[in-house]
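Engineer: As you go down the protein sequences, you meet chains Y and S in turn.
With the numbering used here applied, the first sequence corresponds to residues 1 to 438, in that order.
With the numbering used here applied, the second sequence corresponds to residues 1001 to 1438, in that order.
FYI, nobody ran anything at the bench for these hints, they're computed from the structure.
Where hints are given, some of them may not hold.
Claimed, not checked - Among the chain S residues that face chain Y by a calculated CB cut under 10 Å, a handful are:
1) Gly1104
2) Ser1155
3) Gly1158
4) Gly1235
5) Val1236
6) Lys1271
7) Gly1301
8) Ser1303
9) Glu1320
10) Ala1337
As the list claims (entries may be wrong) - Result set (EDC-like, lysine to aspartate or glutamate): computed pairs, CA atoms no more than 16 Å apart in a straight line:
11) Lys242(Y) / Glu1320(S)
12) Lys1242(S) / Glu320(Y)
13) Lys117(Y) / Asp186(Y)
14) Lys1227(S) / Glu1198(S)
15) Lys437(Y) / Glu312(Y)
16) Lys1242(S) / Glu312(Y)
17) Lys54(Y) / Asp64(Y)
18) Lys1392(S) / Asp1366(S)
19) Lys1039(S) / Glu1009(S)
20) Lys242(Y) / Glu1312(S)
21) Lys227(Y) / Glu198(Y)
22) Lys88(Y) / Asp67(Y)
23) Lys1022(S) / Asp348(Y)
24) Lys1271(S) / Glu1259(S)
25) Lys1087(S) / Asp1067(S)
26) Lys414(Y) / Glu385(Y)
27) Lys1242(S) / Asp340(Y)
28) Lys39(Y) / Asp64(Y)
29) Lys87(Y) / Glu114(Y)
30) Lys242(Y) / Asp1340(S)
31) Lys76(Y) / Glu107(Y)
32) Lys22(Y) / Asp1348(S)
33) Lys4(Y) / Asp199(Y)
34) Lys326(Y) / Asp363(Y)
Stated by the list, open to error - Using C-beta positions, here's what the derived DEER-type ranges look like:
35) Arg118(Y) / Tyr1364(S): 42 to 50 Å
36) Val256(Y) / Lys1213(S): 42 to 50 Å
37) Asp1061(S) / Glu352(Y): 34 to 42 Å
38) Phe1362(S) / Glu238(Y): 22 to 30 Å
39) Glu406(Y) / Lys1287(S): 33 to 41 Å
40) Glu377(Y) / Glu1406(S): 28 to 36 Å
Quick reminder that beta carbons are idealized off the backbone N, C-alpha and C, glycines included.
Here's the letter readout for the chains.
There are 2 protein chains.
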Amino acid sequence: MLRKMFYPESVAVIGASADPRKLGHTILKNIIDGGFSGKIYPINPKGGEILGLKVYQSIIDVQDDVDLAVIIIPAKLVPGVMEELGKKGVKAAVIITGGFREAGNEELEEQMLEIAKRNGIRVIGPNCQGINNTHHQLCASWPLITLKGRIAIASQSGTVAAALAQWSQNDGIGFSTFVSLGNKSDVDEVDIIQFFSEDENTAVIALYVEGVKDGRRFIEAAKRCKKPIVVLKPGVTERGAKAVESHTKSMAGKDVVFEAACRQSGVVRAKNLEELYDFAKAFAYLKTFGGERVLIITSSGGSGILAIDVLESNGLNVFETDEKLKAKLRELVPAHAILDNPIDLTGDATAEMYLNVFKASFDYADAFLLIFGDPIEGAANAVIEISEIAKKEGKTVVVSFLGGGEIEREEVAKMHKHGIPVFPTPERAAKVLVALKR
Amino acid sequence: MLRKMFYPESVAVIGASADPRKLGHTILKNIIDGGFSGKIYPINPKGGEILGLKVYQSIIDVQDDVDLAVIIIPAKLVPGVMEELGKKGVKAAVIITGGFREAGNEELEEQMLEIAKRNGIRVIGPNCQGINNTHHQLCASWPLITLKGRIAIASQSGTVAAALAQWSQNDGIGFSTFVSLGNKSDVDEVDIIQFFSEDENTAVIALYVEGVKDGRRFIEAAKRCKKPIVVLKPGVTERGAKAVESHTKSMAGKDVVFEAACRQSGVVRAKNLEELYDFAKAFAYLKTFGGERVLIITSSGGSGILAIDVLESNGLNVFETDEKLKAKLRELVPAHAILDNPIDLTGDATAEMYLNVFKASFDYADAFLLIFGDPIEGAANAVIEISEIAKKEGKTVVVSFLGGGEIEREEVAKMHKHGIPVFPTPERAAKVLVALKR
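Just chain Y, same shape as in the assembly (with noise of 0.2 Å):
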């Protein structure tokens, strides 16, 4: 149903802006820039040319299909062109523009939406920062962002889904598709899990919602989703909850129902922003695992206890090495390492002694934390090769890399390059290997 939405052949600007400006600019511009290889229909009454594309003065002017319109005109002049969208036939469209239902204007909102209803017209908004599919190189949104990834972001906070794209820029992994769901008129979490769940780029939903239209339909369409889906959703003390009512409109509900439902559902839940992008990251890359024994392997002793304390109280078993695996540990480290779980490499530790030791040890566990705790070069390589034995026994591994200056951006960009995430705290690979478990 939202094919046309993401993956035009053709998208109409409505509102393009030849002054730079202004938002009708940035995204036709960005639109241009991002490389889309179809069609663009920049459309102002006043014509002429922007960007060195020919600018038509209404959507009926042009003569092929359009399958996408990007909105950001005057809230009062959106009722119009959605009728001229109904008769030019486009089913799909993005409204940027604000001063609808968040701003008091229920009625204008309702008029919107009966028009689109009427004429079979999807709406994502009003009053949102757009879509950016980078695989289908469709940047209506802003700033231009390329770098293709696995994880859907979808948002009712512009803010968030901004925090989440740039993280993931930073990273370097990328982001498959960017929704910025704003007033959810139309387009709402239900459709968005419904979609994704089918895309052949996307491998894990990252949702932020203040509230859910429907529960029991979230509930069903979560059910089915073949993708796992990761939601923040605030709201949870009084306070919150009034404040998502003058937000969004939405209603926060009872935060015990959501949470009931994420759990009857297969939803992970995280508990804040952060939590939101390490899940969605590790869930884009990542497996759950069978059994709950876990091993640390470190070179920093104070970093694996950080993690063993988040371990062993969410249910996770940081089993105690016995002694036939310490004898064979011993001949592969060196004599000051400690060879209890975490096993304590120390910092002399080199990226072989990750691998020697995650090999003999690979028996023992379900799953592994591996922490860099040192400017260890060649950890990416031996992590490379260490998730890629672990994978074929069903078996998990989740990286964290700290205190490593230099040399740490480097193997960490090297790591997120071949789809290894790696988090910068014990605590937060620790959270990652609960939610995985989840």
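Using the hints provided, position chain S relative to the given structure of chain Y.
Structural biologist: Chain S alone, transformed into the frame defined by chain Y:
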């Protein structure tokens, strides 16, 4: 007592090496390159010259007084060298070398310590990553860091210290002194608290400890300390406590006892590595506040709501704005802004709006949380003005910036340069407000 340790006029590097791959080279080089203005004496039985400095075969051969000895030689040679320090009258030693208590060699550590005590030598380590006093331009550690700041970092884990140091570099706020405590054979958390309580360059002490040697002394020292103390202490779970014993032979003790000690002595306890850094960064520049009323000013409604949940569930009051205040605000912000708390300026927000709203609502709140959720130019200048006004009246301002791309990077760097800490998510900023209040 530890003045000669952290502010020496002369330093001997015992185990200085000409081999760039060895720590004995790195540390000597970092002391030189860091700009240490006192005398530097490389010591190595081979003699010769390293990095342009004359090498002495023994510290006994040095004619002048030596304040501090940094020791990087095999563990078994350490006692002999300690005797030499005694003869020479050196009163402070940092022992980098590992292979003592942590490796099962309790006797060697006892022997070293007996010599130290007999000769009145204070010892940091062994098994540590050295010290770095940026204000004295003394980097007897690695990597070379010279950025002067206000946070004293002291840690039983070299990696934890290194991670904090690295983050403080990235943020451009630096640290005052970095102390890797290692095995804590002599200098421990109590000495650290006592020394940095008086250190003119330190505003806050960030501690990572796995155990506290003497609970009563810890409480006494913390109570008397003139600076805020933030502590991260793992070993909360049974397995965590056991790992603490393996790692640094510390006794984790009962967590409830430590928690009570912290409460009793006003120590702020961090729950994880990020909190340790965030809280230290906050206390280095911000003060607590009277009252509980928090006003959130944001360009991102969603971010505001994420912050509310943290604030309200921790005893702070995100009060509702009254009609009088709303009437004042209405003249300062766009019509579609939301005037409830959080005051949501929406994506059109300008830095000037933050300043105007802050001024208009100044009397209504005890603390302000400013969230910039868009690329808002001039944010830094507005926040600098806001912070100055707030400071005069004993009110606290905490800032979060996210989803703002390149402009975010620039504005945040500017704020950090001006001594205004900025936090990367609304939840982390909110937790900082909670910690400041406690």
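Engineer: Evaluate each hint against the coordinates.
Structural biologist: Each hint tested on the structure:
{"no.": "1", "hint": "Gly1104", "result": "8 Å, holds"}
{"no.": "2", "hint": "Ser1155", "result": "7 Å, holds"}
{"no.": "3", "hint": "Gly1158", "result": "6 Å, holds"}
{"no.": "4", "hint": "Gly1235", "result": "6 Å, holds"}
{"no.": "5", "hint": "Val1236", "result": "5 Å, holds"}
{"no.": "6", "hint": "Lys1271", "result": "8 Å, holds"}
{"no.": "7", "hint": "Gly1301", "result": "4 Å, holds"}
{"no.": "8", "hint": "Ser1303", "result": "5 Å, holds"}
{"no.": "9", "hint": "Glu1320", "result": "8 Å, holds"}
{"no.": "10", "hint": "Ala1337", "result": "9 Å, holds"}
{"no.": "11", "hint": "Lys242(Y) / Glu1320(S)", "result": "10 Å, holds"}
{"no.": "12", "hint": "Lys1242(S) / Glu320(Y)", "result": "10 Å, holds"}
{"no.": "13", "hint": "Lys117(Y) / Asp186(Y)", "result": "9 Å, holds"}
{"no.": "14", "hint": "Lys1227(S) / Glu1198(S)", "result": "9 Å, holds"}
{"no.": "15", "hint": "Lys437(Y) / Glu312(Y)", "result": "13 Å, holds"}
{"no.": "16", "hint": "Lys1242(S) / Glu312(Y)", "result": "12 Å, holds"}
{"no.": "17", "hint": "Lys54(Y) / Asp64(Y)", "result": "14 Å, holds"}
{"no.": "18", "hint": "Lys1392(S) / Asp1366(S)", "result": "12 Å, holds"}
{"no.": "19", "hint": "Lys1039(S) / Glu1009(S)", "result": "7 Å, holds"}
{"no.": "20", "hint": "Lys242(Y) / Glu1312(S)", "result": "12 Å, holds"}
{"no.": "21", "hint": "Lys227(Y) / Glu198(Y)", "result": "9 Å, holds"}
{"no.": "22", "hint": "Lys88(Y) / Asp67(Y)", "result": "10 Å, holds"}
{"no.": "23", "hint": "Lys1022(S) / Asp348(Y)", "result": "12 Å, holds"}
{"no.": "24", "hint": "Lys1271(S) / Glu1259(S)", "result": "11 Å, holds"}
{"no.": "25", "hint": "Lys1087(S) / Asp1067(S)", "result": "13 Å, holds"}
{"no.": "26", "hint": "Lys414(Y) / Glu385(Y)", "result": "13 Å, holds"}
{"no.": "27", "hint": "Lys1242(S) / Asp340(Y)", "result": "10 Å, holds"}
{"no.": "28", "hint": "Lys39(Y) / Asp64(Y)", "result": "9 Å, holds"}
{"no.": "29", "hint": "Lys87(Y) / Glu114(Y)", "result": "15 Å, holds"}
{"no.": "30", "hint": "Lys242(Y) / Asp1340(S)", "result": "10 Å, holds"}
{"no.": "31", "hint": "Lys76(Y) / Glu107(Y)", "result": "11 Å, holds"}
{"no.": "32", "hint": "Lys22(Y) / Asp1348(S)", "result": "12 Å, holds"}
{"no.": "33", "hint": "Lys4(Y) / Asp199(Y)", "result": "13 Å, holds"}
{"no.": "34", "hint": "Lys326(Y) / Asp363(Y)", "result": "13 Å, holds"}
{"no.": "35", "hint": "Arg118(Y) / Tyr1364(S): 42 to 50 Å", "result": "47 Å, holds"}
{"no.": "36", "hint": "Val256(Y) / Lys1213(S): 42 to 50 Å", "result": "45 Å, holds"}
{"no.": "37", "hint": "Asp1061(S) / Glu352(Y): 34 to 42 Å", "result": "41 Å, holds"}
{"no.": "38", "hint": "Phe1362(S) / Glu238(Y): 22 to 30 Å", "result": "26 Å, holds"}
{"no.": "39", "hint": "Glu406(Y) / Lys1287(S): 33 to 41 Å", "result": "36 Å, holds"}
{"no.": "40", "hint": "Glu377(Y) / Glu1406(S): 28 to 36 Å", "result": "31 Å, holds"}
The structure is consistent with each of the numbered hints, conforming to all of them.
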